[in-house]
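S.K.: Use the sequences and the hints to build the structure in full.
Listed below are the residues making up each chain.
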Amino acid sequence: GAVVSQHPSWVICKSGTSVKIECRSLDFQATTMFWYRQFPKQSLMLMATSNEGSKATYEQGVEKDKFLINHASLTLSTLTVTSAHPEDSSFYICSASVTVSNQPQHFGDGTRLSIL
Amino acid sequence: AQSVAQPEDQVNVAEGNPLTVKCTYSVSGNPYLFWYVQYPNRGLQFLLKYITGDNLVKGSYGFEAEFNKSQTSFHLKKPSALVSDSALYFCAVRDATGTALIFGKGTTLSVSS
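If you read the protein sequences in the order shown, they are chains A and B.
Under my numbering, the first residue of the first sequence carries the number 34, and numbering increases by one thereafter.
Under my numbering, the first residue of the second sequence carries the number 481, and numbering increases by one thereafter.
These are calculated hints, taken from the structure and not from any lab test.
Some hints could be false.
Here are the computed lysine-lysine pairs in the PhoX-like style, where the Cα-Cα straight-line distance is at most 25 angstroms [as the list claims (entries may be wrong)]:
1. Lys585/B - Lys502/B
2. Lys549/B - Lys502/B
3. Lys585/B - Lys74/A
4. Lys538/B - Lys502/B
5. Lys53/A - Lys99/A
6. Lys74/A - Lys557/B
7. Lys74/A - Lys529/B
8. Lys502/B - Lys74/A
9. Lys47/A - Lys97/A
10. Lys529/B - Lys585/B
11. Lys585/B - Lys538/B
12. Lys529/B - Lys502/B
M.R.: Here you go:
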């Protein structure tokens, strides 16, 4: 099946640091990638949708200057949490999809971000 | 607006017994429905989907789901639960014009031996 690789799986860093998370589709070309945030024992909150070669579409309440998304190729999207603070600590999950609405999204294994 | 409801936070079942995890949805037009499973500190794994056709959909690991248009439901089922099925299960919906999935809040399935 389709494989999405997310890296790193775990990050611990000091407050004020910027952290980059990579999401790669390994065996298919992902025209669309999604970034989610998940709090403990809660559902996934869609943060933004990114299409290759264009600006990401952010959901209401998500700061685009805080969470920078780049989708430079059909196999790679990055999320950069800029000047991270403890309240940014969370589980971040990416997913990738071809632009056919009846196809499932394929998810990475997530990144656990802990800001001290 | 699209929405998904998973009315149960937790479902407990004994190993070997059948299990059902409930999901109802609201979407304009024809729905595309999905079930995913999440193990601790992992991403979501795709289990099955309903797009069109037969209302009973079979998926991975022996799971199946039944699409019921009149009740706007898409309950996940398995005839005989395993302890290893214990995980967090998400139902999701997308309409024919959409791209992003809308997820339910999730249901924790606990299978006891």
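S.K.: Take a quick look at whether Lys585/B and Lys502/B sit within 25 angstroms of each other, Cα to Cα.
M.R.: 12 angstroms, holds
S.K.: With the threshold set at 25 angstroms, check whether the alpha-carbon distance from Lys53/A to Lys99/A stays at or below it.
M.R.: 12 angstroms, holds
S.K.: Within a Cα-Cα threshold of 25 angstroms, do Lys585/B and Lys74/A meet the stated pairing?
M.R.: With Cα atoms ~9 angstroms apart, Lys585/B and Lys74/A stay inside 25 angstroms; holds.
S.K.: Run the distance test for Lys502/B versus Lys74/A: straight-line Cα separation, threshold 25 angstroms.
M.R.: Satisfied, since the Cα-Cα distance of roughly 18 angstroms is no more than 25 angstroms.
S.K.: For the pair supplied as a hint, Lys47/A and Lys97/A, is the alpha-carbon distance within the 25 angstroms limit?
M.R.: Distance of about 21 angstroms is within 25 angstroms: holds.
S.K.: Given the proposed pairing of Lys74/A with Lys557/B, does the C-alpha separation stay at or below 25 angstroms?
M.R.: 22 angstroms, holds
S.K.: Does Lys74/A pair with Lys529/B here, judged by a C-alpha cut-off of 25 angstroms?
M.R.: 23 angstroms, holds
S.K.: Lys529/B and Lys502/B were given as a pair; does the straight-line alpha-carbon distance stay at or below 25 angstroms?
M.R.: 15 angstroms, holds
S.K.: Regarding the pair Lys549/B and Lys502/B, is the alpha-carbon distance no greater than 25 angstroms?
M.R.: 14 angstroms, holds
S.K.: With a cut-off of 25 angstroms on the C-alpha distance, tell me whether Lys538/B and Lys502/B pass.
M.R.: 16 angstroms, holds
S.K.: Compare the distance between the alpha carbons of Lys529/B and Lys585/B with 25 angstroms, and conclude whether the hinted pair is satisfied.
M.R.: Holds - the C-alpha atoms of Lys585/B and Lys529/B are around 18 angstroms apart, at most 25 angstroms.
S.K.: Need the status of pair Lys585/B, Lys538/B: alpha-carbon distance at most 25 angstroms?
M.R.: Judged against 25 angstroms, a Cα distance of about 23 angstroms means the pair holds.
In this structure, none of the earlier numbered hints is contradicted; all agree with it.
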